[in-house]
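The residues making up each chain are set out below.
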Amino acid sequence: MKELEYPFDNGFIMKKKRSLKRQLLGDGAVRLKKRVAVLGGSTTDDIVSVLELFLLDMGFECEFYRSEYGQFWQDAVFSNEELDRFKPDIVYIHTSLRNLSFSPTPRSGEEEIEQGLNAELDRLSQAWDGVKEHFGCPVIQNNFELPFFRLMGNMDASDRRGKVNFVTRLNSALYDRIAQRPEVYLNDINWLSAAYGLEKWSEPKYWYLYKYALNIEAIPELAFQVASIIKAIFGKNKKALALDLDNTLWGGIVGDDGVENLEIGKETAEAMAYFEFQQYVKAHKDLGVLLTVCSKNEEENALAGLSHPEGMLRPDDFVAIKANWLPKDKNIVDTAEELNILSEAFVFVDDNPAEREIVRGQLGGTAVPEIGEVTDYIRVLDRSGYFETVTLSEDDLKRNDMYRANAQRAKAQSRFADYHDYLLSLEMTAEIGDFSPLYLQRITQLTNKSNQFNLTTKRYTAEQMEAVYNSDEYIRLYGKLYDKFGDNGVVAVTIGKTDSEDKGRLDIELWLMSCRVLKRDMELAMLDSLVEQAKKRGIREIYGHYYPTAKNKMVAGLYESFGFEKISQDEEGNTAWRLLVEGYEDKNTVIKVKEEHYA
Amino acid sequence: MLSKDEIIERLDDVFRDVFDDDTLEVDENTTADDIEDWDSIEHITLIGAVEDEFKMRFKMGEVSGMKDVGEMIGIIEQRGK
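Residue numbers (my numbering), protein chains in the order written: chain A, 1117 to 1715; chain B, 274 to 354.
Since the hints were derived computationally from the structure, they do not count as laboratory data.
Don't take every hint at face value.
To be verified - Straight-line distance between alpha carbons at most 20 Å, and here's what the computed EDC-like set of lysine to aspartate or glutamate pairs gives: (1) A:K1132 with B:D310; (2) A:K1321 with B:D325; (3) A:K1321 with B:E324.
As the list claims (entries may be wrong) - Pairwise CB distance ranges, derived in the manner of DEER restraints: (4) A:Y1324 with B:L275: 51 to 57 Å; (5) B:D300 with A:L1508: 26 to 32 Å; (6) A:F1265 with B:D300: 40 to 46 Å; (7) A:D1238 with B:S276: 42 to 48 Å; (8) A:L1267 with B:S276: 27 to 33 Å.
Using N, Cα and C, we set each Cβ at its ideal position, and we do this for glycine too.
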C-alpha cells in the first residue's frame, strides 16, 4: 500500500490508522501469522497499532502482547501467565533514555560512572536472558537516543561526566554485547532520532502528558523501522534490484545523446549525483543483493553506457541485463524465472512514473519505490528497508558471482544434447555433512528464505536451529556444491527427527534446497546421504511430509520421484510418504560426494 | 480568524478520519462520552490530528484540561489557521 511505503506521511498514518487497518485486512492477501510481544519502558499503545499496519503491509498478520506501562524488565525477566500463554515469536524491547536509572553529573567519579554504565547493560542483558529462557525467540532491542539538552555544552560529549558522553559510550558497549548474542537485534533509534531531528523526536510534552518516550508524530518512523527488522528476521527481504538505465543510473539517454554525452562521473553536479548512486547500487553486491538491468534500450547501447569510463558499475556487475523494447513487467518476470527467484523478490528502480505504474499494476508483489529526483534516490532506497540486513554470511558476499556462474552454465548446457552428459561436464563435487558452527548461520538464513524447493516451509530462529544442532534426536545434513564454474556455497538442508517411541522411524521435518542448483541432482545426493546416516542409526523407515503453500508446488511430487510410497493425504493437500531403508540403492550418478564431519 | 462553522466542518472531517466513521458530526457540546471509541489512547491521536489540520499546537494544560469540543473550538478560534 503506497501510504505505508517510504516516504510516508506520518500525520496521515496516525490519523487514518483505523481505516488503513480495515483496508489491509479486507484486501484478501494471504499473510504469515506471527505473535509479537512489545515490552515497553514507556507508553506503547500507538506504537503497537502502527507497527501492526506496517507488518500487515509487509505480509504479516500479527497478534500482539503489550506489557503494562513500563513493565518491560519484569515481563522479560519473570514473564507472567498471560505472556506465557501468548508464546511470542518475537519480542521487541522498547526502551529509551527515560529508562536509564543512572545518569552522570559533574560530581560523578570515574568509578561510579563505570558502575552505572555496566548496571544499565546488565539490566538489558538480564532481560534478554529472560526472553531466551522463557520463549527462546529473537529480541529486538532499542539503543538510546541522545539527550536533547547538554548541561556542559560541547564538553558533554568529550568528558566522561557528560550525559552525551555517557549515552554514546553506553550505546557502543551495547553493540558489543549484541554482537555476542545471535538472537538479539538492534533497533537503532539513535540514528533514527538524528535523521528525524533530535529536538522534535524528544519533544518532552509527549512524555509529560502521555508518557510516550518520543514525539507521537515520529511513531510511524519508529514502527516502520521495527517492522523492517521483523520482516527481515522472518525471511521476507527483497533479493534483487531491477534497474532502469537512462536517467536512473546516468543522466541523459544513451541511445539519443551518445555515451560521451552522458552525465556520469565527477565533472558536473548531475554526473556526481548519478556516480554516487551507482556506488550505492554497487555496494549492494556485498550484501548478496542481485543486480539486474531492466531498460528500454538497444542492448548494444546499454552495454556501452555501462562501460562508460567514468562510471562505477560495469556490465559484469549484473547477473542479468534486459535491454530491449518489451514491457518491463515482462522483463522482470523473465529475469525472475532465469534466476529462479520470484518476481516479488525484486525492487524495481525507474525514474519514469509511467513505467513504475505499469509494473506496480502488473506485478503486485514487486516493490516499486517512488524514488523522486536523482538526489533522493539513495535516501529513498535506503530508508525503504528492502534489504534490512540481520545477518551477513560469507555466502552473501559471493552471491552475485554464483549467479553469474549460473548464467555461464546455462550457456554451456545449450552445447550438450544429452542432459546427463551436461551434468557430468560440470564436474560437480558436493560436501555433505552434519551441521557445523561454521555453517549454522547460513543454514538458518537459507532455511528462513527458501520458499519454492521447500517441502515443509518450517522456519527456525537462530536459537531453535542451535537447539536442533545440539540435540542427538536429529539427523542433520547440509550440502555444499562445487563445480567447474565455482562454489555454490551451502545450498541444501535436511533435518530428520528420530521418533522417541519407535526407534526405527525417522521423520523428515525439513527438506529444502536453494533454487540456484535446481536440476543438478543435488537432491539425490542429499537423499543418498540421508539414507546412509539413517542406516547407521538403525532406522528402518523414513517418513517424508509435504505441506503445500502458494510457492512450493514444484516439490509436490518430490518424494514420489524419490521412490517413496504415499501413505496419506488430508483435505488441505498435506501428504505423507514412506521409504524403506532396506533395499535402497544410491540414486546420484553425477556428483562426487565428500562426506564431512559425520563421525 | 476562522469562523465557528468552518472549524466545526473541518473538525467533522478529522473526527471521521480518526474514528473511521463517516457519519460522525460534532458540536460544541460533544464530549468523549458521546463517541464510543474516544478513549484516552484515541484522544492522543485526535489531538495530534486536530493540531495538524489547523497548523497549531495545543499547550500542555489545554490538552489535559479539555472537557468538550467547545473548548477545543475556542482554542482553535484563537490560534488555528
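Here is how each hint holds up against the structure:
| no. | hint | in the structure |
| --- | --- | --- |
| 1 | A:K1132 with B:D310 | 14 Å, holds |
| 2 | A:K1321 with B:D325 | 16 Å, holds |
| 3 | A:K1321 with B:E324 | 14 Å, holds |
| 4 | A:Y1324 with B:L275: 51 to 57 Å | 28 Å, violated |
| 5 | B:D300 with A:L1508: 26 to 32 Å | 59 Å, violated |
| 6 | A:F1265 with B:D300: 40 to 46 Å | 43 Å, holds |
| 7 | A:D1238 with B:S276: 42 to 48 Å | 60 Å, violated |
| 8 | A:L1267 with B:S276: 27 to 33 Å | 48 Å, violated |
The earlier numbered hints that this structure contradicts are 4, 5, 7 and 8.
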